[in-house]
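Asks: The chain contents come next:
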Amino acid sequence: MHLIHSSVRMDYLGPVAEGSIILPRVATTICAGFPSPADDWIEDDIDLQKILVTNRAATFMWRVQGHSMRDAGIFDGDVVLIDRSLSPKDGDVVAVSVNGEVSLKVFRRNGQLEFANKDMPAWPMHENADIQVWGVVTYCLHIPRA
Amino acid sequence: MSAFPRSYALSDGNSFYCSCERVFDHKLNHVPVIVLSNNDGCAIARTAEAKALGIKMGEPWFMMRDLCRANGVRVFSSNYALYGSMSNRVNEVYRLFAPRVEIYSIDESFLDLTDVAPKTRAELARDMRSTVGRWTGIPTCVGIGPTKTLAKLANHIAKKNPELGGVCDLTDEAERDRWMRKVKLEEVWGIGAL
Chain X
1 MHLIHSSVRM DYLGPVAEGS IILPRVATTI CAGFPSPADD WIEDDIDLQK
51 ILVTNRAATF MWRVQGHSMR DAGIFDGDVV LIDRSLSPKD GDVVAVSVNG
101 EVSLKVFRRN GQLEFANKDM PAWPMHENAD IQVWGVVTYC LHIPRA
Chain P
1 MSAFPRSYAL SDGNSFYCSC ERVFDHKLNH VPVIVLSNND GCAIARTAEA
51 KALGIKMGEP WFMMRDLCRA NGVRVFSSNY ALYGSMSNRV NEVYRLFAPR
101 VEIYSIDESF LDLTDVAPKT RAELARDMRS TVGRWTGIPT CVGIGPTKTL
151 AKLANHIAKK NPELGGVCDL TDEAERDRWM RKVKLEEVWG IGAL
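Chains X and P supply the protein sequences, listed in that same order. Going left to right, the first sequence walks through residues 1 to 146 as the working numbering numbers them. Going left to right, the second sequence walks through residues 1 to 194 as the working numbering numbers them.
Each hint should be verified, as a subset may be incorrect.
Taking lysine to any residue and the SDA-like style, the derived pairs with C-alpha atoms no more than 25 Å apart in a straight line are [as the list claims (entries may be wrong)]: (1) LYS50(X) - VAL136(X); (2) LYS27(P) - MET125(X); (3) LYS27(P) - ARG74(P); (4) LYS27(P) - GLY77(X); (5) LYS27(P) - GLU127(X); (6) LYS27(P) - ASN128(X); (7) LYS27(P) - ARG63(X); (8) LYS27(P) - GLY100(X); (9) LYS50(X) - ASN88(P); (10) LYS27(P) - VAL94(X); (11) LYS27(P) - MET61(X); (12) LYS50(X) - LEU96(P); (13) LYS27(P) - ASP83(X); (14) LYS159(P) - SER105(P); (15) LYS159(P) - PHE62(P); (16) LYS89(X) - ASN88(P); (17) LYS160(P) - ARG121(P); (18) LYS27(P) - LEU81(X); (19) LYS160(P) - ASN29(P); (20) LYS50(X) - ASN91(P); (21) LYS160(P) - THR147(P); (22) LYS50(X) - GLU92(P); (23) LYS27(P) - ASP130(X); (24) LYS27(P) - GLU101(X); (25) LYS27(P) - TRP123(X); (26) LYS50(X) - ALA81(P); (27) LYS119(P) - GLU127(X); (28) LYS89(X) - LYS160(P); (29) LYS50(X) - CYS140(X); (30) LYS160(P) - ARG63(X); (31) LYS50(X) - ARG134(P); (32) LYS89(X) - HIS26(P); (33) LYS27(P) - SER87(X); (34) LYS27(P) - LYS50(X); (35) LYS27(P) - ALA129(X); (36) LYS27(P) - ASP11(X); (37) LYS27(P) - LEU113(X).
Distance ranges between label pairs, derived from CB positions [said to hold, decoys possible]: (38) GLN49(X) - ASP66(P): 43 to 51 Å; (39) ASP45(X) - LYS184(P): 58 to 66 Å; (40) PRO139(P) - SER87(X): 36 to 44 Å.
Hints are computed from structural coordinates only; laboratory data are not their basis. In this text the structure is predicted, and so the values were computed from the model without any measurement. By construction, the Cβ of each residue, glycine as well, lies at the ideal position given by its N, Cα and C atoms.
With the sequences and hints as input, model every part of the structure.
Replies: This is the structure:
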């Protein structure tokens, strides 16, 4: 059961493997005879790893549980990449540890943290809570299929 | 050839296995934590809080079970997949600071700092320490010396003297003499029993 008023829950999945996830940018077929007129325009394949992970040592994958980040496009069951080497900027989605519990929040310049779900009441930031920014969310992997 | 005399750093993770667990659960931050060996045989990593309770390295679990329960010690079975992964990350950061990194164990690496100007070595070590901490969450100590044994000794001094901020540089001879007078002989790596 998910409590709609609570922060998302986070489960650490693991590190990002070394290596590459290569997707061909163009599909070419082998043809005997006339050389392909496209050959001069061939570009490198797209390396998803390079796009998604800029700092491997500092990047961690977590699975998100809950609905409090819905308006930021992060849904229940999504996987987020979190880079600990980045300093949060106003409007960034950050993983924060609140009294030891890791969850996602929107970071505001004045140090405020917010839910991203307009159907929820404002996140109550307690003055004495031990709050530490754990890392900045750089990508969210969402599976759109039913 | 370098213009400077040879210099090594020994950097290691503080209570490494326990620190790995703490990265993902900050509730463990101010409580005693220990990690047990395979099949939960004995303590192989202890935080400062656990050491303060008198839990010894290698102490069998059955002998300290009651003590741990009575004092709220958080006890973990070892999770080597996690510790290995965190170790890789830490070494990846070391490689940004030193051209040659020799991985000595899962939580200790020797770094060749010969090419770093002597006056800036401690500063580089402090910068590295804070980068490792921010990127990976692992607290480290760095010892610097003209040999690996002295780097190891410097690391030991950095650990035992929190006022040093986790970095001790023994490349300077006068500084080295000053510290070595305070260290018992058997605390030196490779001397004495175990």
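Asks: All hints are to be evaluated individually against the structure, with a verdict given for each.
Replies: Here is how each hint holds up against the structure:
Our distance criterion of 25 Å between C-alpha atoms is met by LYS50(X) and VAL136(X), whose separation comes to about 18 Å. Under the criterion of a C-alpha separation no larger than 25 Å, the hint pairing LYS27(P) with MET125(X) is consistent with the structure, at around 18 Å. Of the pairs offered as hints, the one joining LYS27(P) and ARG74(P) holds, with about 10 Å between alpha carbons and a cut-off of 25 Å not exceeded. Between LYS27(P) and GLY77(X) the CA atoms are separated by roughly 24 Å; this keeps the pair inside 25 Å, and the hint holds.
A hinted pair counts as satisfied when its Cα atoms are at most 25 Å apart, and LYS27(P) with GLU127(X) qualifies at roughly 18 Å. For the proposed pair LYS27(P) and ASN128(X), the alpha carbon gap of about 15 Å is at most 25 Å, so the pair holds. For the hint linking LYS27(P) to ARG63(X), the alpha-carbon distance of about 19 Å falls within 25 Å, and the restraint holds. Taking the CA atoms of LYS27(P) and GLY100(X), the gap is about 4 Å. The hint holds against a cut of 25 Å.
Restraint check: the Cα-Cα separation between LYS50(X) and ASN88(P) comes to about 19 Å, which is no more than 25 Å; the hinted pair holds. The suggested pairing of LYS27(P) with VAL94(X) holds, with an alpha-carbon distance near 19 Å, which does not exceed 25 Å. Only pairs whose Cα atoms come within 25 Å are accepted, and LYS27(P) paired with MET61(X) is accepted, the gap being roughly 20 Å. With a CA separation close to 18 Å, the supplied pair LYS50(X) and LEU96(P) stays within the 25 Å bound.
About 21 Å separates the Cα atoms of LYS27(P) and ASP83(X), which keeps this hinted pair within 25 Å; it holds. Restraint check for LYS159(P) and SER105(P): satisfied, since their Cα atoms lie roughly 18 Å apart, inside the 25 Å limit. Proximity of LYS159(P) to PHE62(P) is assessed by CA-CA distance (about 29 Å); at most 25 Å being required, the pair is judged violated. Our distance criterion of 25 Å between C-alpha atoms is broken by LYS89(X) and ASN88(P), whose separation comes to about 28 Å.
Of the pairs offered as hints, the one joining LYS160(P) and ARG121(P) holds, with about 20 Å between alpha carbons and a cut-off of 25 Å not exceeded. Taking the CA atoms of LYS27(P) and LEU81(X), the gap is about 22 Å. The hint holds against a cut of 25 Å. At roughly 20 Å between alpha-carbon atoms, LYS160(P) and ASN29(P) fall within 25 Å of each other, so this suggested pair holds. With a C-alpha separation of about 20 Å, the suggested pair LYS50(X) and ASN91(P) falls inside the 25 Å cut-off, and the hint holds.
In summary, the hint linking LYS160(P) to THR147(P) is supported, as the alpha carbons are separated by about 20 Å, within the 25 Å threshold. Proposed proximity of LYS50(X) and GLU92(P) is supported: the alpha carbons are some 17 Å apart, at most 25 Å. In summary, the hint linking LYS27(P) to ASP130(X) is supported, as the alpha carbons are separated by about 10 Å, within the 25 Å threshold. About 7 Å separates the Cα atoms of LYS27(P) and GLU101(X), which keeps this hinted pair within 25 Å; it holds.
Distance check on the hinted pair: LYS27(P) and TRP123(X) sit about 21 Å apart at the alpha-carbon level, within 25 Å; holds. Distance check on the hinted pair: LYS50(X) and ALA81(P) sit about 24 Å apart at the alpha-carbon level, within 25 Å; holds. The straight-line distance between the Cα atoms of LYS119(P) and GLU127(X) is roughly 43 Å, outside the 25 Å bound, and the hint therefore fails. A hinted pair counts as satisfied when its Cα atoms are at most 25 Å apart, and LYS89(X) with LYS160(P) does not qualify at roughly 38 Å.
Distance hint between LYS50(X) and CYS140(X) is fulfilled; the C-alpha atoms sit about 15 Å from each other, no more than 25 Å. Taking the CA atoms of LYS160(P) and ARG63(X), the gap is about 39 Å. The hint is violated against a cut of 25 Å. With a C-alpha separation of about 22 Å, the suggested pair LYS50(X) and ARG134(P) falls inside the 25 Å cut-off, and the hint holds. About 23 Å separates the Cα atoms of LYS89(X) and HIS26(P), which keeps this hinted pair within 25 Å; it holds.
Among the hinted pairs, LYS27(P) with SER87(X) is consistent with the structure: their alpha-carbon atoms are about 23 Å apart, no more than 25 Å. Simply put, LYS27(P) and LYS50(X) have alpha-carbon atoms about 34 Å apart, too far for the 25 Å limit, and the pair is violated. In summary, the hint linking LYS27(P) to ALA129(X) is supported, as the alpha carbons are separated by about 12 Å, within the 25 Å threshold. Between LYS27(P) and ASP11(X) the CA atoms are separated by roughly 15 Å; this keeps the pair inside 25 Å, and the hint holds.
Of the supplied pair hints, the one linking LYS27(P) and LEU113(X) holds, its CA atoms being roughly 20 Å apart against a limit of 25 Å. At about 49 Å, the CB distance of GLN49(X) to ASP66(P) agrees with the hint of 43 to 51 Å. At about 60 Å, the CB distance of ASP45(X) to LYS184(P) agrees with the hint of 58 to 66 Å. Between PRO139(P) and SER87(X) the CB atoms are about 20 Å apart, so this pair departs from the stated range of 36 to 44 Å.
Going through the hint list in order, the structure does not satisfy hints 15, 16, 27, 28, 30, 34, 40.
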